[in-house]
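Could you put the whole structure together from the sequences, leaning on the hints where they help?
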Amino acid sequence: MAVVISFANQKGGVGKTTTAINIGTSLAAIKKRVLLIDLDPQGNAGTGLGFVRANHQQSVYGVIMGIANISDNVLTTAVPNLHLLPSSLALAGAEVDLLDMDNREYRLRDALNSVSEFYDYILIDCPPALGYLTLNALNASDYVVIPLQCEFFALEGIRQLTTSVGEVKKKWNPKLEILGVLLTMYDKRYGQTRDVEDDVRRVFGDKVFKTVVPRNVRVSEAPSHGKPALFYDFKSSGAQAYLRVATEIVNRLEQGGQQ
121 MAVVISFANQ KGGVGKTTTA INIGTSLAAI KKRVLLIDLD PQGNAGTGLG
171 FVRANHQQSV YGVIMGIANI SDNVLTTAVP NLHLLPSSLA LAGAEVDLLD
221 MDNREYRLRD ALNSVSEFYD YILIDCPPAL GYLTLNALNA SDYVVIPLQC
271 EFFALEGIRQ LTTSVGEVKK KWNPKLEILG VLLTMYDKRY GQTRDVEDDV
321 RRVFGDKVFK TVVPRNVRVS EAPSHGKPAL FYDFKSSGAQ AYLRVATEIV
371 NRLEQGGQQ
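Residue numbers (the working numbering): 121 to 379.
It is worth saying that the hints were derived from the structure and are not from the lab.
Certain hints may be false.
When the alpha-carbon atoms are kept at most 20 Å apart in a straight line, the in silico EDC-like pairs for lysine to aspartate or glutamate are as follows [what the hints assert, rightly or not]: (1) 327 with 287; (2) 330 with 271; (3) 295 with 225; (4) 327 with 368; (5) 327 with 237; (6) 330 with 317; (7) 131 with 319.
The calculated label-pair distances, taken between Cβ atoms and stated as ranges, are [unchecked claim]: (8) 170 with 290: 34 to 42 Å; (9) 195 with 248: 19 to 27 Å; (10) 189 with 314: 45 to 53 Å; (11) 212 with 340: 24 to 32 Å; (12) 186 with 309: 47 to 55 Å; (13) 318 with 237: 38 to 46 Å; (14) 195 with 354: 17 to 25 Å.
Just so you know, even glycine gets a beta-carbon here, dropped at the ideal spot from N, CA and C.
This is the structure we're talking about:
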């Protein structure tokens, strides 16, 4: 059975999608079977893997709505061992559509039951909001990874998210745990970056990954070419950082989610 990991942060622009893509690619590179689910209506995970959304009818939307089979909507990517369940524009209306549906908090979890045995990891790129889509992701997950940009309001935002994760764990998904907090867009030249890192590590301790992902132009360029950073420039500092993060994730899971 697959280990299911959500990448979540209610704040946009923190590197969440970039992290999901490159962690998925890194895991696939070590021969793990990976399914990446693009649960964000913006569809950037698909774009970052080279898919033009208008050219594909496959979507996670129909899967969540119960009108489509998940196996019929999974795409093969250019990355060996990495599959994608893409987003669609219709997903923007899912929050409203789910309001009147039975079992609305568990639609994704139930759909994944039919494919979980075929993957080692299922990664979910959540939208930057704490609505029903993110709730579905968290209820389907074993763990959460929280990408965090090193900026002034970061700590306040992460406290809100960890509170929400705690509520989900208490009310709906008792197995849910925070696997780690990942510092992204890290630029050691700025004192604020170091201050934020110190604050986050003081509050969350070993939950913060040892590896930080540097602000790196090659990582920023990669999505416009439809490639993960590891395919676009394997030797770049950003690509190498994501490989190290993937190693930390595997190690933590081998130790039961703890560092």
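Hints and how they fare:
With a C-alpha separation of about 19 Å, the suggested pairing of residue 327 with residue 287 holds against the 20 Å cut-off. The hinted pair formed by residue 330 and residue 271 meets the criterion: a straight-line CA distance of about 18 Å does not exceed 20 Å. The hinted pair formed by residue 295 and residue 225 meets the criterion: a straight-line CA distance of about 15 Å does not exceed 20 Å. For the proposed pair residue 327 and residue 368, the alpha carbon gap of about 11 Å is at most 20 Å, so the pair holds.
Distance hint between residue 327 and residue 237 is unfulfilled; the C-alpha atoms sit about 28 Å from each other, more than 20 Å. Simply put, residue 330 and residue 317 have alpha-carbon atoms about 11 Å apart, close enough for the 20 Å limit, and the pair holds. Our distance criterion of 20 Å between C-alpha atoms is met by residue 131 and residue 319, whose separation comes to about 18 Å. Range check, residue 170 to residue 290: about 40 Å between beta-carbon atoms, so the 34 to 42 Å window is met.
In this structure the hint that residue 195 and residue 248 lie 19 to 27 Å apart at CB holds, the actual value being about 23 Å. For the hinted restraint 45 to 53 Å between residue 189 and residue 314, the CB-CB distance of approximately 49 Å keeps it satisfied. Look at residue 212 against residue 340: about 25 Å separates their beta carbons, and that is inside 24 to 32 Å. In this structure the supplied range 47 to 55 Å holds for residue 186 paired with residue 309, their Cβ-Cβ distance being about 50 Å.
Between residue 318 and residue 237 the C-beta distance comes to about 43 Å, which sits within the given range of 38 to 46 Å. Judged by the Cβ atoms, the range 17 to 25 Å given for residue 195 and residue 354 holds: they are separated by roughly 23 Å.
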